[in-house]
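Trainee: Sequence:
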Amino acid sequence: ALGRPERGLHVVDATGGFGSDALLMSSCFGLAVTVVERHPLVFAVLEDAARRAAPLPSTSVFGGPVLFGEAGQLLAGSASEGGSPGRPDLVYLDPMFPRERARRARPELAMQVLAAVCASEPLAVTSGGAAAGPESERRLLEAARRCARRRVVVKRARSSDYLGGVRPSRKQIGTTNRFDIYMPLPNG
1 ALGRPERGLH
11 VVDATGGFGS
21 DALLMSSCFG
31 LAVTVVERHP
41 LVFAVLEDAA
51 RRAAPLPSTS
61 VFGGPVLFGE
71 AGQLLAGSAS
81 EGGSPGRPDL
91 VYLDPMFPRE
101 RARRARPELA
111 MQVLAAVCAS
121 EPLAVTSGGA
131 AAGPESERRL
141 LEAARRCARR
151 RVVVKRARSS
161 DYLGGVRPSR
171 KQIGTTNRFD
181 IYMPLPNG
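Going by the UniProt record's numbering, the letters in the sequence shown line up with residues 1 to 188, in that order.
FYI, nobody ran anything at the bench for these hints, they're computed from the structure. Glycine included, every Cβ here is placed at the ideal spot set by N, Cα and C. There could be a bad hint or two in this list.
The list that follows gives simulated cross-link-like pairs (lysine to any residue, SDA-like), each with its CA atoms no further than 20 Å apart [stated by the list, open to error]:
hint	residue 1	residue 2
1	LYS155	ASN187
2	LYS155	THR175
3	LYS171	ASP94
4	LYS155	GLN172
5	LYS171	ARG145
6	LYS155	THR176
7	LYS171	SER159
8	LYS155	ASP48
9	LYS155	MET96
10	LYS171	ARG4
11	LYS155	CYS28
12	LYS155	ARG170
13	LYS171	ARG158
14	LYS155	GLY133
15	LYS155	ARG138
16	LYS171	ILE181
17	LYS155	ASP89
18	LYS155	ARG167
Derived Cβ-Cβ restraints for the label pairs, each shown as a range [to be verified]:
hint	residue 1	residue 2	range
19	ARG167	LEU41	14 to 24 Å
20	SER169	ASP48	36 to 46 Å
21	ALA157	LEU41	30 to 40 Å
22	ARG52	PRO134	30 to 40 Å
23	ASP161	ARG52	34 to 44 Å
Turn these sequences into a full structure, and let the hints guide you.
Mentor: Take a look at the structure:
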């Protein structure tokens, strides 16, 4: 879904959570990952873990900074080149899966904790405190597509609707997850 990962590509993980996806992209593929998290408690835990795991005090375990804020706003600012993370090659979105149906198996413990902490904001795709929904998802996806140079990758549950109802350019389907791939939009 990431394409051919080339060492040093810049990725923005716009829905950082506990940073597991960012760590995987950084350590396995050698990508420089900027992690964005908007929940203050989750951000504090993520920033502390990144600081403790960094090989040197001035470096990041992700190869890029950990930023606090709304992903949509940071991405929109970056789309004009002068924003905080700069224009990345890829933007990765992994919003919490909606609770669509009763499941037999619970998610792993880390995801249960993350869901409990963020319970007041169930999809982690809100903008400015507004309730999450298709319109806010569509705005986040559009900001990501205007910001990314190469592509936007959205991780979804295999049977979930498309983020914001927007059909992807292509998708890769696994046994439980699906990666929707969107091509960038022109800046303007």
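Trainee: Can you list which hints this structure breaks, lowest number first?
Mentor: Checked against the structure, the hints that fail are numbers 1, 8, 19, 21, while the rest are satisfied.
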